[in-house]
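K.L.:
Sequence:
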Amino acid sequence: MLSLCGAALAAPSPPSRRAVTHVLHEKRAMDPVDWEISHRLDPDKVLPMRFGLTQSNLHRVEELLMEVSHPESAKYGQHYTPSEVVDLFAPSDETISAVTNWLVEAGIARDRLRISGNKGWLSVHATTAEVEDLLKTEYHVYTHPSGDQQFGCHNYSVPAHVREHIDLIRPTVQFNHRATPQNGLRKRMGGLGMPNGRNGPKKSDKAVTITPSLDNCDTLITLDCLRALYDVNYTPVATAKNSRDANVEFTPQAFLGPDLDLFFGNFSPSLVGVRPVNVLIDGAVVQTTQQSFDFNGESDLDLEYAMGLTAPQTITLLQTGDIVEGAGFDNWLDAVDGSFCTFEGGDDPTQDGIYPDTAKGGFKGPESCGIVAPQFVVSVSYGQDEASVTPAFANRQCTEYAKLGMLGTTVLYSSGDDGVAGGGGVCLNAKHQTSNRGTVFNPGFPVTCPFLTAVGATQVNPGSTVNDPEGACEQVIFSGGGFSNIFPMPSYQAAAVSGFLTNHKPPFTAAQFNNSGTVRGFPDLSANGANYVIGIDGAFSLVFGTSASSPVVGSLITLINDARLAAGKKSVGFINPSIYSSSFASAFNDITSGGNQGCGTAGFTATTGWDPVTGEYIVLFPPCWALHGTLGFINKTEYVRLIFSYSPTSSLLFGRPSYLNSALSPLVTPRIFLNFHNSQNHNIQLALDVDPPSLVDGTSISPF
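Residue numbers are given in UniProt numbering: position 30 of the sequence shown equals residue 30, and the series is strictly consecutive.
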C-alpha cells in the first residue's frame, strides 16, 4: 500500500472546499428483513473506508475475454499473463487524481490516503462524522432479535464530477441479511464453511451396501459409474505441467484423511494415503476437531471424486479462512490474483473474512494476496443468494472471474440445490426481500455471473442404466437454475436463451422471474448429482447435490487440459463460448426430462436445447476429448492437428500419438490437417476426413 503524499501521482493541493453537486451513487438492494434500526452510529467511531476506483477497459471485458475464449477466434488460447491483466485494467491516472482531489478538498489530508499496489483502491481511516459528511448519508446500527448488530447506511452520494471514477465504496450499503445461528459459530454470511441450509451436499438416510456394479448406478454413483456415463477412459500423462487444478473449501469445512482412504480403498486403491496439495489461505486450517457430516461432507465429497477421476494428477486444495473469521469468495480470489487484494481488509466485511483477524484465536498475519499461481481449473461447491449482494459488489467480483478466464482459468460453481428458490428453499417477496413465504424466484450468486461456468445436476433415472439418457435431478435436491436480476445476457448465450424463451415459454409471469429476455440465464451445463457414495466419518453414505456435479465437470476439464498440455498447448480457460457454440454440439448430450421445482411452483422444465434446469448440455466425453484429440476445446477447424514431413516420392506416414491412449469415438469423423512445406518452402495444408477405425499406428496416405 502506497502513500499518496509525495508520490509521483500526487497533484498539488487543490483549492479550498467548494460547493459541489452530489448524486446518488449506490443504494441498498433490499431492506433488511427482521432487522430494526436501533440508533445512529457513534460519530467518533473510526471506519476503514475503501474507495474502489473505476478500472480501465471494463467496458471491453467481455470482448477481451471472448477473444481468447471463443472457438472461432483467431486468438483462441492466447491467454494473458497476470501482469498484462493488471496493466490492462488499472485505473487511469485521471481517475486516481479526480478521487484524490475530491477527498483532499473535502478535508481529508493527503498523507492519510493510501493507494493499493494495483491502483484499484484508495483507503483512509475516517470517523463516522467525516464519512457522513463526505457521502451525504447517515450510518445506523441495526439490531436483530437474536442480539446481532450491524451498521451501515441505506444509500450514499458522491459529487457528480467523480461518479464515473468510483466503482463502489465500503463499508456503506452492504448488509448481511441473515443472523448468526443459535450455536453462535457463524458471524456473517461470509463464513461459507459453516453448516447452513445453502451450502453442502444433502445426505440420504438410506443404508449403503457397496455393490461395485454398473447395474446399480441409478441408486449408487461411484467413480466407475461416472466413467461409464461420460465414457472416460483416459489416464493423465502431463501431470508435471497440469498441476494447477483446484477445489476451494472454506474453513471449518475440511476433509478427513481416514475418510479419503476408506473411499479410495474400495474404489481407487492406488490413492490410499495420497492427499491433496494444501494451500492455506488467510490462516486456514484443515481442522479435525469438528468431525461430522456437516463439517466434513463437502470436502470429502469434492476430493474423493476429483482425485479419483484425475489420478495420478495432483489436486490442489485451496483451504480458505481461519477457524474464527472464516472466509468468502473474495478471499480465495485474493490468493490466486494478488491484484484483487486491498489494504487492511479491502474485501467486504459483510461477505468476506477480514485479515488480520483481531478476534481471539484469529489469524494475525496479513491477508493472503497472490500466494498461489492462477489455477487451470477451479471448482467451488458453495454459493449464496444474488439478493444478498449489491449490484456493485456482484459486478466487481464478476469482473475478477473474467480476468481469471483471460489468464486461462476455468472457473466452475455449483448452481444450487433448491431449484428456482435460493439457499435453503428461500424465495423473494414482491420487494425482492428474502422471505419464507415469498413466491418470487431467487437466483444464486456468483452463478449468475456470465464469466464463470454454472454447473447443474442430473440423475440416472430410477430403473435406468448408464446407457440411458439422464434426467434433471429430482431426488432429494433440484438443480438450481433461473435468470439473474443483476447481470445482462452475455453474447455467447443470446441465441440459446432466446430460443428457450421463444420456443418453450415458461408458464410464469414477470412478477415471478426476470423474463425480459435480456439477462443471464443459468446453469450452463450439468453433470450427475444424485446418489453419490462417499466415505464420511468412517462409514459410507449417499449424498446429493450440485456440490458433486461441479468437481466432476472440473475433473473432465482437467483431463482435457492434460491432453492439450501434453501436445504443447495451453489450458482451455473459459469454456462457455464453446459450450454454446454449434460447432461443439456433438460434444454434449442434451437433457430433456425433469424440472427444478421451488417457490410453490413446478419450476422450469428441461427441454431440447438450453434450459434453466440443466443448461445447454451434459458433458459427452468422447467428442470433447477423443474428437478433439490433444486439443480439447479448440477452433472448430482444428479438430486434430498432426505435423508430418513430406517427400514427393514417399507416402505420408503417421501414427496416433502415444498420449491419445484410447480409440477415437465412432460417433464422429475427425478432420486431420497435414502441414508441410514444398520445394519453394511454401506451407501447404491438406484437410482429410478420416474414418476413426482407420486412424491407427502405421496408416499411410499416398502423396497427392
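Wrong hints could be hidden among the right ones.
[Claimed, not checked] With a straight-line cut-off of 30 Å between C-alpha atoms, the simulated DSBU-like cross-links for lysine-lysine are: (1) Lys75 - Lys570; (2) Lys431 - Lys136; (3) Lys27 - Lys45; (4) Lys241 - Lys45; (5) Lys364 - Lys27; (6) Lys570 - Lys241; (7) Lys431 - Lys360; (8) Lys45 - Lys360; (9) Lys241 - Lys569; (10) Lys27 - Lys206; (11) Lys75 - Lys569; (12) Lys45 - Lys136; (13) Lys75 - Lys203.
Hints in this document: simulated from the structure, not taken from any laboratory.
K.L.:
Give a verdict on every hint.
P.N.:
Here is what the structure says about each hint:
1. Lys75 - Lys570: This hinted pair holds, its Cα atoms lying about 12 Å apart.
2. Lys431 - Lys136: holds (25 Å)
3. Lys27 - Lys45: holds (22 Å)
4. Lys241 - Lys45: violated (51 Å)
5. Lys364 - Lys27: violated (33 Å)
6. Lys570 - Lys241: holds (10 Å)
7. Lys431 - Lys360: The hint is violated at about 39 Å.
8. Lys45 - Lys360: Answer holds: Lys45 to Lys360 is near 21 Å, not above 30 Å.
9. Lys241 - Lys569: Satisfied, since the Cα-Cα distance of roughly 11 Å is no more than 30 Å.
10. Lys27 - Lys206: violated (47 Å)
11. Lys75 - Lys569: Holds, at roughly 13 Å.
12. Lys45 - Lys136: With Cα atoms ~17 Å apart, Lys45 and Lys136 stay inside 30 Å; holds.
13. Lys75 - Lys203: Violated, at about 45 Å.
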